[in-house]
Amino acid sequence: AGQARGAAGEAERSTAAAERAREALERAVAEAEELAERLAVAEEMPAEEEPDTSVRDRLSADGANARQTEMEARLQVRTHEERVRGLAGRADSLDRAARA
1 AGQARGAAGE AERSTAAAER AREALERAVA EAEELAERLA VAEEMPAEEE
51 PDTSVRDRLS ADGANARQTE MEARLQVRTH EERVRGLAGR ADSLDRAARA
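52 is the number that my numbering gives to position 52 of the sequence shown; each next residue is one higher, with no gaps.
Quick caveat, the hints were computed from the structure, so don't treat them as lab data. Zero decoy hints are in this set.
Label pairs and their computed distance ranges (CB to CB):
{"hint": "1", "residue 1": "ALA16", "residue 2": "ALA97", "range": "23 to 31 Å"}
{"hint": "2", "residue 1": "ASN65", "residue 2": "ALA88", "range": "30 to 38 Å"}
{"hint": "3", "residue 1": "ALA36", "residue 2": "ALA88", "range": "31 to 39 Å"}
{"hint": "4", "residue 1": "ASP92", "residue 2": "ALA64", "range": "37 to 45 Å"}
{"hint": "5", "residue 1": "ALA42", "residue 2": "GLY2", "range": "58 to 66 Å"}
{"hint": "6", "residue 1": "MET45", "residue 2": "ALA88", "range": "47 to 55 Å"}
{"hint": "7", "residue 1": "ASP57", "residue 2": "GLY6", "range": "46 to 54 Å"}
{"hint": "8", "residue 1": "ASP95", "residue 2": "VAL55", "range": "53 to 61 Å"}
{"hint": "9", "residue 1": "GLU12", "residue 2": "GLN68", "range": "26 to 34 Å"}
{"hint": "10", "residue 1": "GLU72", "residue 2": "MET45", "range": "30 to 38 Å"}
{"hint": "11", "residue 1": "LEU75", "residue 2": "GLU33", "range": "16 to 24 Å"}
{"hint": "12", "residue 1": "GLY89", "residue 2": "ALA40", "range": "40 to 48 Å"}
Glycine residues also receive a C-beta, built at the ideal position from the N, C-alpha and C atoms.
With these hints in hand, go ahead and build the complete structure from the sequences.
Next comes the structure, spelled out in structure tokens:
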């Protein structure tokens with residue numbers, strides 16, 4: 001019974017961690033979308049002289065960083081989801097064993 005409570009607690013903590021990772025993913029996706037919009041606006045600006053590419057380069061680097069953050073957040077969400085499923089299965093197994 002103690003192991004089942006411990007596993008259930010771990011499952012709850014993992015669920016909370018998965019939710020935080022999902023929220024981080026949502027923020028990263030929103031940031032990537034905002035950066036993509038800013039890049040599109042910057043690329044459409046008319047240039048009368050040789051364009052300064054520093055803004056474009058910075059936005060491009062920011063976009064790459066946002067994509068990397070998004071990918072890491074997605075991986076973290078998947079990892080936590082798998083861990084939650086595993087812990088839930090273990091908690092169920094321990095609960096069944098405790099009832100037997």
